[in-house]
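Asks: Numbering-wise (the working numbering), the sequence shown opens with residue 531 and increments by one.
Nothing false has been slipped in among the hints.
Quick list of the computed label-pair ranges, beta carbon to beta carbon:
#1 L537 / I604: 31 to 39 angstroms
#2 F573 / F655: 21 to 29 angstroms
#3 C656 / F573: 21 to 29 angstroms
#4 A567 / A653: 30 to 38 angstroms
#5 P552 / L637: 22 to 30 angstroms
#6 P641 / P552: 21 to 29 angstroms
#7 F566 / C656: 33 to 41 angstroms
#8 N657 / T540: 40 to 48 angstroms
#9 V658 / L637: 33 to 41 angstroms
#10 G599 / D546: 17 to 25 angstroms
Because the hints were derived from the structure by calculation, they are not lab data.
Every residue, glycine too, gets a C-beta built ideally from N, C-alpha and C.
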Amino acid sequence: TQCGIGLSTTYSPQLDFYAEGPSGPLFGRKFDLAEFAMSTFSFLPPCERFTSAEIPNALNQWIGTNVSGYKNPIFDSACLAARTALPDEVAYLTGFRQTQLIFSTDLPAIPLFNRIETAAARADFCNVAIDPTAATDLWAIETYDYGEACQP
Numbered sequence: 531t532q533c534g535i536g537l538s539t540t541y542s543p544q545l546d547f548y549a550e551g552p553s554g555p556l557f558g559r560k561f562d563l564a565e566f567a568m569s570t571f572s573f574l575p576p577c578e579r580f581t582s583a584e585i586p587n588a589l590n591q592w593i594g595t596n597v598s599g600y601k602n603p604i605f606d607s608a609c610l611a612a613r614t615a616l617p618d619e620v621a622y623l624t625g626f627r628q629t630q631l632i633f634s635t636d637l638p639a640i641p642l643f644n645r646i647e648t649a650a651a652r653a654d655f656c657n658v659a660i661d662p663t664a665a666t667d668l669w670a671i672e673t674y675d676y677g678e679a680c681q682p
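Using the sequences and the hints, build the whole thing.
Replies: Structure, rendered in structure tokens:
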């Protein structure tokens, strides 16, 4: 405030805040600054979230994750190249590297934290595996076992 910058905060219930556009504040892009969380169901960098095609607007029925409205055709091309390449192709690695470099330079959003996956199990419980692409740690529940079945 002493520097001439004011700030007023608004806290919204989750359903209201994440409501679809154009009326919802996040996906309707009606904010100056917003703090929000989005999960990732892949170990790949989620570059598609910041492509021009993902800007929520009336033409795409307000469906898109690029709520900042970031536009960079070089970023878009690098992301497309990476996401359409196979992991052993050069375009895969170079595309993701380029998107991360551009993102770190342009900063269309400021990532505040990563969600850390953790799990705990008893010593006689086996076949528990954390998968960053799974929506839940129970993704392979049918393989879980315990007791004598877990002996090496």
